[in-house]
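Student: Keeping the supplied structure of chain Z fixed, place chain X upon it in accordance with the hints.
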Amino acid sequence: MALDQSFVGRTYPPTPAYEVGREKIREFAEAVGDTHPAYVDVDAARALGHADVIAPPTFVFSITYRAAGEVVQDPQLGLDYSRVVHGDQKFSYVRPVRAGDRLTVTSTIESIKSLAGNDVIDIRGDVHDEAGELVVTALTKLVARAAEEA
Amino acid sequence: MTAKVSYGSVEVGTELPAQSFPVTRATLVQYAGASGDFNPIHWNEKFAREVGLPDVIAHGMFTMAEAIRVVTDWAGDPGAVVDYGVRFTKPVVVPNDDKGALIEVSGKVAAKLDDHLVRVDLVAMCDGKKVLGMSRAVVRLA
Numbered sequence: 001m002a003l004d005q006s007f008v009g010r011t012y013p014p015t016p017a018y019e020v021g022r023e024k025i026r027e028f029a030e031a032v033g034d035t036h037p038a039y040v041d042v043d044a045a046r047a048l049g050h051a052d053v054i055a056p057p058t059f060v061f062s063i064t065y066r067a068a069g070e071v072v073q074d075p076q077l078g079l080d081y082s083r084v085v086h087g088d089q090k091f092s093y094v095r096p097v098r099a100g101d102r103l104t105v106t107s108t109i110e111s112i113k114s115l116a117g118n119d120v121i122d123i124r125g126d127v128h129d130e131a132g133e134l135v136v137t138a139l140t141k142l143v144a145r146a147a148e149e150a
Numbered sequence: 001m002t003a004k005v006s007y008g009s010v011e012v013g014t015e016l017p018a019q020s021f022p023v024t025r026a027t028l029v030q031y032a033g034a035s036g037d038f039n040p041i042h043w044n045e046k047f048a049r050e051v052g053l054p055d056v057i058a059h060g061m062f063t064m065a066e067a068i069r070v071v072t073d074w075a076g077d078p079g080a081v082v083d084y085g086v087r088f089t090k091p092v093v094v095p096n097d098d099k100g101a102l103i104e105v106s107g108k109v110a111a112k113l114d115d116h117l118v119r120v121d122l123v124a125m126c127d128g129k130k131v132l133g134m135s136r137a138v139v140r141l142a
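Chains Z and X supply the protein sequences, listed in that same order. Going by the UniProt record's numbering, the residue at position 95 of the first sequence is 95; the numbering climbs one at a time, nothing skipped. Going by the UniProt record's numbering, the residue at position 7 of the second sequence is 7; the numbering climbs one at a time, nothing skipped.
Pulled out of the complex, with its shape left as it was, chain Z reads as follows (with noise of 0.2 Å):
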């Protein structure tokens, strides 16, 4: 079933503050066994010019994903979520994600297209600080399969 176009451009409230642990990150980066002390070292992340530690780049999507989850599962959109894949993924980063960073996500439905019978949905996720200064943009793009005819 087609999605409804009119959710296009929707802007979902901001999530509330995610703060960023040095242990959670210290965590995440050994679970993708990435050893870099700038994760986990706060003067060998300082000499390279960073407030605190920062973060992997991709550790900032677990934040991202759950913010998008509340979107796709929006049951005024109708996306079956449980047919839902992962299917493009891109972040634009005006700076690292570091410790002591409290980050909300405001989500925007970017486009819904139907390709091939896949409902195809794009959601921005812009994360900024308590600041309220920007930090990094994640763009997901999940496709939900088509149903197999019954």
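To be clear, the hints were calculated from the coordinates, so they are not data collected in a lab. Every residue gets a Cβ at the ideal spot worked out from N, C-alpha and C, and that includes glycine. Treat the hints loosely; a few may be bogus.
These stretches of chain Z come out as covered by chain X in the derived footprint (C-beta under 8 Å, 3 or more residues) [stated by the list, open to error]: (1) 25-35; (2) 47-61; (3) 88-95.
Tutor: Chain X alone, transformed into the frame defined by chain Z:
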């Protein structure tokens, strides 16, 4: 932001050191916990097969996290990455054995842009198949 590679030292075509990243079921469980993505297709074989997958598959975002390491290890400062995007073209299938799967990533400078920026195009392969498409990063060099 303090990249260790200078803009003047690279040319279009400069190859970045390639890297291989092993991934086992244990890796996926650890990544699920750290990322908060507990979709059972990444740890439950029965569930994965029921939804039509050949076996448990790696999180696409895990592969994306590994691929950029070729760029961040080369540039020296992960904070030098300005843009990063991928398309998830094929799943990384992770069998339940002690070997798992191997993600092989290579990259080369595809364009020199203004303001000390370069675009790096990445290729991520697993089991002879390209698992990421349109995999590109823009990084600010010294």
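Student: Against each hint, give a clear statement of whether it holds in the structure.
Tutor: How the hints compare with the structure:
1. 25-35: This one holds; 7 residues, not fewer than the three required, reach chain X with a Cβ under 8 Å.
2. 47-61: Holds: 9 residues of the region 47-61 of chain Z have a Cβ under 8 Å from chain X.
3. 88-95: This one holds; 7 residues, not fewer than the three required, reach chain X with a Cβ under 8 Å.
When each numbered hint is compared with the structure, no violation occurs for any of them.
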